[in-house]
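Same order as they appear, the protein sequences are chains A and B.
Residue 244, in numbering that gives the first Met the number 0, is where the first sequence stops; the numbers in between run on with no holes.
Residue 244, in numbering that gives the first Met the number 0, is where the second sequence stops; the numbers in between run on with no holes.
Since the hints were made in silico from the structure, they are not lab data.
Keep in mind that a hint or two might mislead.
[What the hints assert, rightly or not] Every beta carbon over 10 Å from chain A, so not counted as near; a handful from chain B, in silico: (1) L1; (2) G40; (3) A62; (4) D126; (5) V130; (6) P159; (7) I224.
[To be verified] Now the stretches of chain B that chain A is said to cover, found in silico as 3 or more residues with beta-carbon under 8 Å: (8) 10–21; (9) 69–82; (10) 178–187.
Since we're looking at a predicted model, the values are computed, not measured.
Even for Gly, the Cβ is constructed at its ideal location relative to N, Cα and C.
2 protein chains.
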Amino acid sequence: MLSKSEVKYIQSLFQKKFRDAENRYLAEGPKIVDEALNTPGLTVKKIWGLEEWVRRQQPMQPAVEMIPVAGFELEKISQLKTPNEVVALIEKKDSEIIGWQDGAQLVLALDGIQDPGNLGTIIRTADWFGVPGIVCSQDCADMYNSKVVQSAMGSLFRIPVIYTDLPDWLARQNRIPVYGAVLDGVPLSTRPEKAAGVLVIGNESKGIRPEAATHLTHKITIERIGTAESLNAAVATGILLSHLK
Amino acid sequence: MLSKSEVKYIQSLFQKKFRDAENRYLAEGPKIVDEALNTPGLTVKKIWGLEEWVRRQQPMQPAVEMIPVAGFELEKISQLKTPNEVVALIEKKDSEIIGWQDGAQLVLALDGIQDPGNLGTIIRTADWFGVPGIVCSQDCADMYNSKVVQSAMGSLFRIPVIYTDLPDWLARQNRIPVYGAVLDGVPLSTRPEKAAGVLVIGNESKGIRPEAATHLTHKITIERIGTAESLNAAVATGILLSHLK
């Protein structure tokens with residue numbers, strides 16, 4: 000059973016300002032909650048799940064508080080069109096990107112990626128390619144937005160993501176190569192395969208903003224063979240990482 | 000002014016069965032409608048737009064019927080959360096993929112891509128890389144679904160997309176190389192750059208189904224460096240096309 004105040008508390012976390020104030024966020028669905036429960040160092044505070052789900056999972060994770068709820072209750076606390084068995088309350092983790100300045104790794108920097116689905120897909124793609132962390136400009140979508148959590152899947156729990164003044168952060172990366180995809184750069188296919196440093200990805204309609212672009216040391220272009228005006232930002236990220244990593 | 004029956008007609012096209020019966024579909028927003036109006040061979044039957052939009056556009060396209068509507072009327076016929084100035088009624092075009100069997104081009108074949116946003120992004124990515132056409136299994140999302148139209152942008156008007164029994168279609172492609180991304184294939188980075196023939200993309204959770212996979216002549220793997228379980232299907236398409244084209 001869910002109390003009114005509990006429903007209200009959970010619903011408040013649909014909004015960024017309450018997630019920030021509480022330092023917690025929500026994740027939905029058996030697959031992602033299972034990944035959360037099995038990620039070392041991640042604190043799952045509480046879980047609301049359909050009775051069957053709780054009966055199945057509780058014995059495996061006796062230390063986690065699991066509340067059985069009815070379908071109509073789950074609907075109230077779900078942000079999905081079709082609620083998916085379970086909602087978890089997870090504690091935010093302080094992120095730090097470590098061990099990448101040794102010149103062997105490629106960190107991702109995102110400039111104005113505002114679409115939450117895109118941000119989540121980028122986080123997942125970065126995880127696939129073993130990126131050690133992601134630096135976001137302040138106006139990127141919130142990584143704890145439900146759509147980001149959904150599309151990033153378990154990768155959200157694994158990759159450090161930090162938000163900062165991006166041009167300022169880039170300015171502080173002395174003597175580290177900063178790559179970025181622009182329209183008039185070196186064709187990707189002519190580049191040597193490996194790169195280390197920072198890879199900046201811009202917003203798909205505006206590109207990398209001048210304040211950030213001024214810090215690029217290597218400009219790259221994904222060659223267009225056909226006629227589309229732009230590539231989706233997550234697709235561009237995947238292409239660049241697959242060539243540069 | 001919009002009549003009740005007109006609203007009803009437009010709303011019926013939100014559903015695939017009516018789009019199929021009428022052989023028409025809807026596209027929303029000034030950018031995509033502008034692309035539709037400027038695509039040779041595409042028939043825009045009618046446009047409903049805010050007065051300002053109609054006043055600006057009508058002189059440039061006097062042959063197209065444009066109906067000025069109020070904001071509250073646009074809301075009724077829009078499928079977007081925030082209606083975007085204009086809705087166009089467009090005639091479906093018979094698609095045919097031509098000139099690709101010469102052994103120089105790479106056609107995309109999609110097996111069970113059910114997410115409309117993914118399908119749209121794949122269509123746009125294919126357009127970027129100059130793919131001559133896309134063959135979809137019958138259970139792919141409908142290319143005229145509003146979310147596909149939105150994420151494909153103008154690329155939808157340019158690339159031929161056909162729906163067919165995919166395993167059957169693949170079986171008929173004799174002596175044409177059929178590439179597909181699988182978990183146990185040749186690493187993408189060790190492949191010679193260019194490829195021609197067919198590139199099969201599977202559903203991101205199920206992969207390419209056995210009925211289709213049996214027709215693959217070249218199995219490729221996008222190497223995973225990190226820990227994500229899978230790549231988004233559109234991201235995988237972009238990576239493969241960027242290496243194979």
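- What hints, given by number in increasing order, does this structure fail? 4, 5, 7, 8, 9, 10
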